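Student: Below are the chains, spelled out letter by letter.
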Amino acid sequence: MSFNFDFVGRRKWWYALSLLIIIPGLIAMALHRPVLNFGIDFTGGNIIDVQFQQPVSAGQVREVLDSLDLGTSSIQATGNNEFLIRTPELNEEQTDRLIGALRDKIGQLDLKRNEKVGATIGRELTIKGIEAMAIAWVLMVIYITIRFEFLSGLAAILALIHDVLVTVGLFAVFRWEVDSTFVAAILTIIGYSINDTIVIFDRIRENLRLRRKETIEELVNRSINQSLTRSINTVLTVIIALLALMILGGETTRTFALAMLIGTISGAYSSIFTASPLWIDLRNLSRERHRQAATSKAATKAKPRKAPSH
Amino acid sequence: MAGGKRGGGLLKVAVVFIAILALGVGAFKPLLGAMKLGLDLQGGVYVLLQAQSTPEHAVTGEDMAALERVMRDRVDQLGIAEPVIQREGSDRLIIQLAGVSNPEEAIKMIGKTAMLEFKTSDGQVVVTGKDLKDAKAVIDQQTREPEISLKFNAEGTQKFAEATQKLVNSYGRGDPKRHIAIYLDNQLLTNPHVDEAIPSGEAVIRGGFASFQEAANLAALLRGGALPVPVQIIERRTVGPTLGADSLAKSKTAIITGLVLIALFMLVVYRLPGLVADFSLIIYGLIVLGVLWALKATLTLPGIAGLLLSVGMAVDANVIIYERLKEELRNGKTLRAAVDAGFKRAFTTIFDSNATTVLAAIVLYFLGSGTVRGFAITLSLGIAASMFTAITLTRFLLHLVIGVPAFQRLWLFGVKENQIPVAARGEI
Chain A
1011 MSFNFDFVGR RKWWYALSLL IIIPGLIAMA LHRPVLNFGI DFTGGNIIDV
1061 QFQQPVSAGQ VREVLDSLDL GTSSIQATGN NEFLIRTPEL NEEQTDRLIG
1111 ALRDKIGQLD LKRNEKVGAT IGRELTIKGI EAMAIAWVLM VIYITIRFEF
1161 LSGLAAILAL IHDVLVTVGL FAVFRWEVDS TFVAAILTII GYSINDTIVI
1211 FDRIRENLRL RRKETIEELV NRSINQSLTR SINTVLTVII ALLALMILGG
1261 ETTRTFALAM LIGTISGAYS SIFTASPLWI DLRNLSRERH RQAATSKAAT
1311 KAKPRKAPSH
Chain B
6 MAGGKRGGGL LKVAVVFIAI LALGVGAFKP LLGAMKLGLD LQGGVYVLLQ
56 AQSTPEHAVT GEDMAALERV MRDRVDQLGI AEPVIQREGS DRLIIQLAGV
106 SNPEEAIKMI GKTAMLEFKT SDGQVVVTGK DLKDAKAVID QQTREPEISL
156 KFNAEGTQKF AEATQKLVNS YGRGDPKRHI AIYLDNQLLT NPHVDEAIPS
206 GEAVIRGGFA SFQEAANLAA LLRGGALPVP VQIIERRTVG PTLGADSLAK
256 SKTAIITGLV LIALFMLVVY RLPGLVADFS LIIYGLIVLG VLWALKATLT
306 LPGIAGLLLS VGMAVDANVI IYERLKEELR NGKTLRAAVD AGFKRAFTTI
356 FDSNATTVLA AIVLYFLGSG TVRGFAITLS LGIAASMFTA ITLTRFLLHL
406 VIGVPAFQRL WLFGVKENQI PVAARGEI
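So the protein sequences, as listed, match chains A and B. The working numbering puts the first residue of the first sequence at 1011, with every later residue one more than the last. The working numbering puts the first residue of the second sequence at 6, with every later residue one more than the last.
It should be emphasised that the hints constitute simulated quantities derived from the structure, not laboratory data. One should not assume that every hint holds.
[As the list claims (entries may be wrong)] Computed footprint of chain B on chain A, listed as stretches where at least three residues anywhere in the stretch have a Cβ under 8 Å from a Cβ of chain B:
1. 1024 to 1037
2. 1121 to 1133
3. 1141 to 1149
4. 1175 to 1189
5. 1257 to 1264
Predicted model, so just to flag it, every value in this text is computed and none were measured. A virtual CB, placed ideally from N, CA and C, is assigned to each residue, including glycine.
Using the sequences and the hints given, assemble the complete structure.
Tutor: If you want it as structure tokens, here you go:
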């Protein structure tokens, strides 16, 4: 198949579409406290996953929690008499007391998961995650500047910031819970987004070397069209893998798979509709500046000569 | 001559492909079986301990080494096969016990963050756990009563000698103030009377034990409970065996389904080269699992997610090559020339795109913790292996396949005859 779509010409529309998705996310983050629905990995606290041997209602579990002054905890029924209880940070004794009370007042239970994360750990995780992201971005810009040019690096980073904002934004809008695997997902999205962008930039680089009589817009369009089948096929295989993980992989990897799915789709979109058009705009902008600088230089040079004639 | 070559080609192709298939079928299961599974997949315990500095005493490296020894002792008592105990930073200790059948019990054992203190009646701390060298239960030869014999280290001996001497000098025999109480985690264990000054560093706790077993338990608690510094559990994760088994089964289903679907996708979209890619992917999987096994890596849920994702990346390398291959064919190149050109031109693309992902993975490794690190390792390993198999194995297999005339028909490569310039038709 060969395509001949005009991707670059309608770039204002593509930018608008991106903003349409990103802006609600930013608003959601501005309105909500905390910004995202952070799980205990970030905030500190306990998660206890219990399965009772007989039918139990969430109300019964709530009663037990209330009796232990744990009213602020959340209870989530996950089917088959199983409950996910999130409490503020408890020490070992308090955890024992809670499980003991559940056993005494409700009945036999199987303790499937019992996790505690201290609040300091959550803080460290957040700081480390942000640090990691910043360092990764700098390294990527450096690499792309060496292998391509600075403006390509800049456009690629803008595209991946786009993908991060789309993913984080959607998690903010829908208040999906964010755990430590979310950090890994975001960093993988960054890797994937850049990967996808580079493939197209690589094609542009190659076409620039053997440039025909065409405008830069036409050349970029041609490059995107040439890589389009690859972009679609690759994103499809990754989506297949992620859907399998999301539908069949169970609760624990779901956040990761969901974040990756959004990021991957956004990454495929941004490498076509954001990165390459941005590269053109950045290029035009810097040319314009150079030209202006050149003309103003020429003007200042010309002035003294012109002056006597008046 | 030509006929012989033709037959040889087909035979060679058949032998190589069957060999790969056999290798895949034969090696995958044992390899997977030999992998160490993380505690999220088989149940177990993860504990992060933090040693607490007090105003009088800041945590030192020696304290941490002592703490590590104590924890190792405790874990050994649980009889866990391969415990992981490692220091993190200057004051933290990670303990991971996979495959524990009763994780809560294990936490209790580890979590006995007991601090041992010997105090006089006025609350003065005489010696602490770090001054104690040994404690064991014995039977007194004369009275036949169980008792605990204590041994202090040099510093402890001196302190204990001074304190007991002072008590003997200050108070008369039988005075309730002439006692040294032993506290474990601020709970009174026993409050023995000091009969005489003890300069030898060897003391005996006598009386009050109902049985030898009781004395032995207390001795074990003193030995094991002798933490050098107070310790807190700041993070703990226990996964029950049922949840672990459930996660393992689910991730197995997910990975098999994902792989089969990806393989089918490649076959349908790229036909013959797609089939070649599928066989490359078998070797790719073996390499990745083999290296992980050799590194004694532990397979966790995020690790499996990383692996499945890296398959997507591995496929991408093949997709880039095959799209180039089709393009070259449409430009009128012969099959052999198109394959070579496809690989050559795809290489820089694959290299540049993967290098940036590896950069991200390296950052993840150095800044991440635990599971994130595992994910970074599998991701970079997957990328390296995918580049290797795509560039060497896929190329080798493709060359082998296009040597067979029956496999030279262009529709097998997803290119229609009418897409090729007329001048180039009919040539191979």
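Student: Against this structure, judge whether each hint is valid.
Tutor: Status of each hint after checking the structure:
1. 1024 to 1037: violated (count 0)
2. 1121 to 1133: holds (count 10)
3. 1141 to 1149: With 5 residues close enough to chain B, the hint holds.
4. 1175 to 1189: violated (count 0)
5. 1257 to 1264: holds (count 6)
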